[in-house]
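Visitor: For reference, the chains in residue letters:
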Amino acid sequence: MSLQISSLSPETLIHTGDVQITVTGETGRISLRARGKLAPLDKALGVKLPTKIGTRANKGDVEALCLGPDEWLILCPNDDVSALKAACDAIYEKLPHSFTDISAREITLSITGPQAAELLTIGCPRDIASIGVGEARRTVFDNASVVLWCDGPDQFRLDLWNSFAPYSAELLITGAKEFSAETALT
Amino acid sequence: MLMIHCPYCDELLPEAEFAYAGEAHIIRPEDPSAVSDEEWEKFLFIRTNVKGLHFERWRHVHGCGRFFNAVRDTVSDRILITYKAGEPKPELDKLLAEVGQ
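Those sequence lines, one after another, are chains P and C.
The numbers in the working numbering rise by one with no breaks, and the one at position 169 of the first sequence is 169.
The numbers in the working numbering rise by one with no breaks, and the one at position 91 of the second sequence is 1091.
Since the hints were made in silico from the structure, they are not lab data.
Watch out, some of these pointers could steer you wrong.
Claimed, not checked - Restricting the straight-line Cα-Cα distance to at most 30 angstroms, the calculated cross-link-like pairs of lysine-lysine (DSSO-like) are:
id	chain 1	residue 1	chain 2	residue 2
1	P	LYS94	P	LYS59
2	C	LYS1084	P	LYS48
3	P	LYS52	C	LYS1042
4	C	LYS1089	C	LYS1051
5	P	LYS52	C	LYS1084
6	P	LYS37	P	LYS59
7	P	LYS48	P	LYS85
8	C	LYS1089	P	LYS37
9	P	LYS37	P	LYS85
10	P	LYS59	P	LYS48
11	P	LYS52	P	LYS94
12	P	LYS59	P	LYS43
13	C	LYS1084	P	LYS94
14	P	LYS37	P	LYS94
15	C	LYS1094	C	LYS1042
16	P	LYS48	P	LYS94
17	P	LYS52	P	LYS37
18	P	LYS37	C	LYS1084
Claimed, not checked - Just a sample of chain C residues kept apart from chain P, beta carbon distances all over 12 angstroms, derived:
id	residue
19	ILE1026
20	ILE1027
21	PRO1029
22	PHE1045
23	ASN1049
24	GLY1052
25	VAL1071
26	ASP1073
27	VAL1075
28	ARG1078
Backbone N, C-alpha and C define an ideal beta-carbon position, used for all residues, glycine too.
Start from the sequences and build out the full structure, keeping to the hints where you can.
Guide: Listed below in C-alpha cells is the structure:
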C-alpha cells in the first residue's frame, strides 16, 4: 500500500453561494490494464468492468470506470486495496493484467453547486454537458490530465495528480471568487 | 480550436485533449540491420510534407490514451476522417466525394 501524502488536506476550500469546493478524504485508487476476456477480473473485483469509455459500474464500495479500451480506474475504500490485489493476483495466470495502486498519486476535489459546471469550463475545453450523470471522463484541466466525474447536474468530482493539485485548486478558487463577485454585482 | 473525433471514444472533442504524433502509415523495417543506410534514413527522416491531404497520427493523450490516424487537409486544417490505428488507409477519392469536394 503506497503512503498517501497529499498536498491538500481534506477540507472545504471555498464555499460561495453558487459553488462549493471540497477536498475529499483518502480513498483507494487502482489503475487496471487488461485485454481480452475480462470475466476473471470481473469475478476477482466483484464488479463487472464496463467496456464503454466513460461509463461506470459499482458494487458496494468498489467502483470501476472505463478510461480506455484496455484501461480502468477502480475506486475502493483504502483498506480494500490489498484484498483486491490478492484477488486479482490469484487470477493472473488466467488473464495477465497490470494492477497498480495509485492511491497516493491523486486527490479528489468535490465541486458542487449551481455554478459547478460553469466553473469547470474555466480550465476544461470539453463540453461539460457531454458527460452524462453517472459517467466520468479523463480530460484536461488547464494542461493537467484529470478525471472528471459527473454525479449530478451540479455535482462533480475532479481527480487531480498531487503535484498539480495546489495549482489547479487555486485556479478553481479564484474562479469561484470571480463568479461570486459577478453575482454580487448583478 | 480544432474539434477532433476520437474513433475509440466515439466523441467529437477539443484539440487540447490530443497530441499530434507525426505522419501515419510509416512502417518500421522488420529487420533494421538488413536495410541500407538510405532506406533507414528514409524511414527515420523523410516525410511527404504534403500541401493538401495528409495522413497523420494523433494520440488522445488526455482521454483514452489511444493512438489513431486522421486525414487532415494541411491547407484548411479540416479533418476529413479519423480511424483506428491498424486500419487501412481510407481511399482519398471516395473520401473527397463524401465531403463534396
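Visitor: Among the hints numbered above, which are violated by the structure, and what are their numbers in rising order?
Guide: Hint 3 is the one this structure does not satisfy, whereas the remaining hints hold.
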